[in-house]
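A.B. asks: Protein chains in written order, with my numbering: chain A, 8 to 320; chain B, 170 to 441.
Keep in mind the hints are simulated off the structure, nothing from the lab.
The beta-carbon is built from N, C-alpha and C at its ideal position, and this holds for glycine as well.
Some clues are possibly wrong.
[Claimed, not checked] Listed below are several chain A residues computed to face chain B (Cβ distance under 10 angstroms; list not exhaustive):
no., residue
1, 164
2, 214
3, 215
4, 218
5, 236
6, 237
7, 277
8, 313
[Claimed, not checked] Result set (SDA-like, lysine to any residue): computed pairs, CA atoms no more than 25 angstroms apart in a straight line:
no., chain 1, residue 1, chain 2, residue 2
9, B, 242, B, 203
10, A, 152, B, 241
11, A, 229, B, 190
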Amino acid sequence: MKKFKVWLPFIASAAALAADILLPDGKNSAKVNYYTYFCAAIAVFTLITAVMSVFNDKIRESTSYKGLFRTGVILLIAVIDLLTAKFDVLPMIYFPSPSKVIGVLFEDYELIGKCLLYSARLLLIGFFGGALVGLAAGIAIGFNKHAAYWLNPLVRFLGPIPSTAWIPLVLVVFPDTVSASSFLIALAVWFPTTLMTSSGIQNIANSFFEVSETLGAGTFCKIFKVGVPAAMPSIFIGIFNGTCSAFITLMTAEMIGARYGIGWYVNWQKEMMCYANVYAGLIVIALTFSILITLLFRVKDKLLVWQKGVIKW
Amino acid sequence: MAERCDKMVTTEKSGGALSVKNAVKRFTQPNGEEITALNGVNLEVDSGSFVSFIGPSGCGKSTLLRLIAGLEKPTSGELSLDGVPITKAGYERGLVFQNPTLFSWLTIYDNIAFSLRARGIYKEKKELVNEYLELVGLKDFAGAYPHQLSGGMAQRASIARALVGHPKVLLLDEPLGALDAFTRMNMQDEILRIWREKHMTMIMVTHDVDEAIYLSDKIVVMSPRPAKIEKIISVDIAGKRARNNPEFLRLRSEILEILHFAGKVEEPDYII
Ligand SMILES: Nc1ncnc2c1ncn2[C@@H]1O[C@H](COP(=O)(O)OP(=O)(O)OP(=O)(O)O)[C@@H](O)[C@H]1O
Ligand SMILES: [Mg+2]
């Protein structure tokens, strides 16, 4: 059974390749049939993994585990190809063939890459700005009565407003769309970070602070060596939530008069009725964001090694 | 990044002399009712001695310890260490809670090094960390996180953490309360050994009469709340280690009698 699962993706991709070559194209076929190359590449890849897993136990383990899923994905794409490129079952404007979507990635990569860079700039400025201000505000609220008195109502009142609701105001106040959009993203990150930082600090057992005092800790030490690390699990939940709302805000902000940006790209191509480009853009967005989230979790695992056991046990 | 407020280094290893004069502590409970935890406690503890507090539950032993640690201010009265009034918590009065409260985000090594780092003297005194790791037998667990230790190991780590800064007074609030009888007896010997080696003043709260006799020079028997000192008993049995020594048994029944007479609040639990 395991052996079979290892070979299944290769069999599926070979079948998809055969179907693509043997069946005649419908009337909306793409100029260059990228899908054929795609199938061929996948077939080569799955063949290599299958052969390697004959010799290597570890690779066999992971290839056979992923076998069914990979097969499913390959078959799904093959079915879409049949429905679009081969039999013209779906309306072609909204449902371009896989070949066309893949083609966009190859032919339009310069513009997509440029858009990614523009989005990255907004996201980075917004994320780090919002996270830093959020951390600072959260620490201040958590440790200082006066800061809590003045900031808490502000956080409670302004925080829950979705940051995109500020668009009308922000467009007036900021000189350009870059600063306006970064500010919106920062706002989206700021609120959950502040909230989870301050509540994380307030939930720390007082005995930690008392122990640190009897060990000679001063205020600085109590805040940054006890309070912040103890609240770190909670802070990370805040930053994670903030990152998710940052993505939402980025997409929305880019649709309001930005020039370039991956969200802008998708929106613009939709207006041009280039749905192949829209799907290509969506695929790029999905890949990028999931890589970013993965990175965030890597950082979390690094910083919270001490917590791992707590979860496990 | 360590705290740099006080760079004073205690070089001498001896303990400090503690004086408590007329200490009164009242708490206001959530329902507005005032309760008196300590009702005029007077106590002198000689430098380098080992003193145990024993008394019924809820009488105010922990409160007295927290006053000495400086974590709590007395409602009235004065506390001083070597003649210097105690106003706030400080490293010269180390405290070990009943629950180890190790910093869960730090390894055992970093937990023990905390005090040195907090005071900005880690660089000069680094070797102390390893010395104390060895003293409490946790050398092999330097890189472990607190959740990877057993209860007794965690308690030893927290004792090492309090000791590494060479406090003049080590305050122990039922440090062995959560341990099984066997680990507990081992830990008692370990505490004795550390005390003999480092000569600091030890003040320990305990529920266990045998433990008090076994470890202390003096046993402070407290009355039920509002706590006063019922009696201070000096222990000087030559062969204290023999728990069936007649003097040991006599002291035990004397203390139990005072506790019964004073409160009948709680039967202390024995460990033999
Ligand atoms: N922060 C506080 N607020 C209100 N009351 C308190 C506070 N701390 C202690 N008390 C009260 O003071 C009394 C003495 O408490 P303490 O913890 O000193 O007792 P204890 O002798 O250590 O008891 P045990 O042996 O059970 O630990 C108790 O009645 C307790 O309810
Ligand atoms: Mg107590």
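A.B. asks: Would the stated hint for residue 218(A) survive a check requiring a Cβ distance to chain B of less than 10 angstroms?
C.D. replies: Because about 5 angstroms separates residue 218(A) from the closest Cβ in chain B, which is inside the 10 angstroms limit, the hint holds.
A.B. asks: Mind checking the CB of residue 236(A) against every CB in chain B and telling me if the closest is under 10 angstroms?
C.D. replies: holds (4 angstroms)
A.B. asks: Is it true that the CA of residue 152(A) sits at most 25 angstroms from the CA of residue 241(B)?
C.D. replies: Given that 25 angstroms is the threshold and the Cα spacing comes to 20 angstroms, the pair holds.
A.B. asks: Taking the closest Cβ pair, is residue 164(A) under 10 angstroms from chain B?
C.D. replies: At about 30 angstroms, which exceeds the 10 angstroms cut-off, the nearest Cβ of chain B leaves the hint on residue 164(A) violated.
A.B. asks: Using the nearest Cβ pair, does residue 214(A) come within less than 10 angstroms of chain B?
C.D. replies: At 5 angstroms from the nearest chain B Cβ, residue 214(A) passes the 10 angstroms test, so the hint holds.
A.B. asks: Using 10 angstroms as the Cβ threshold, decide whether residue 313(A) counts as touching chain B.
C.D. replies: holds (5 angstroms)
A.B. asks: Would you settle whether the hint for residue 215(A) is holds or violated, based on the nearest Cβ-Cβ distance to chain B being less than 10 angstroms?
C.D. replies: holds (6 angstroms)
A.B. asks: If you draw a straight line from the CA of residue 229(A) to the CA of residue 190(B), is it 25 angstroms or shorter?
C.D. replies: Not satisfied, since the Cα-Cα distance of roughly 31 angstroms exceeds 25 angstroms.
A.B. asks: Taking only the CA atoms, is the gap from residue 242(B) to residue 203(B) under or equal to 25 angstroms?
C.D. replies: The hint holds at about 16 angstroms.
A.B. asks: Please check whether residue 237(A) passes as an interface residue: C-beta within 10 angstroms of a C-beta belonging to chain B.
C.D. replies: Hint on residue 237(A): holds, closest Cβ of chain B at ~6 angstroms, below 10 angstroms.
A.B. asks: Is the shortest C-beta separation between residue 277(A) and chain B less than 10 angstroms?
C.D. replies: Constraint on residue 277(A) not satisfied, violated at 47 angstroms.
Hints 1, 7, 11 from the earlier list are contradicted by this structure; the remaining hints agree with it.
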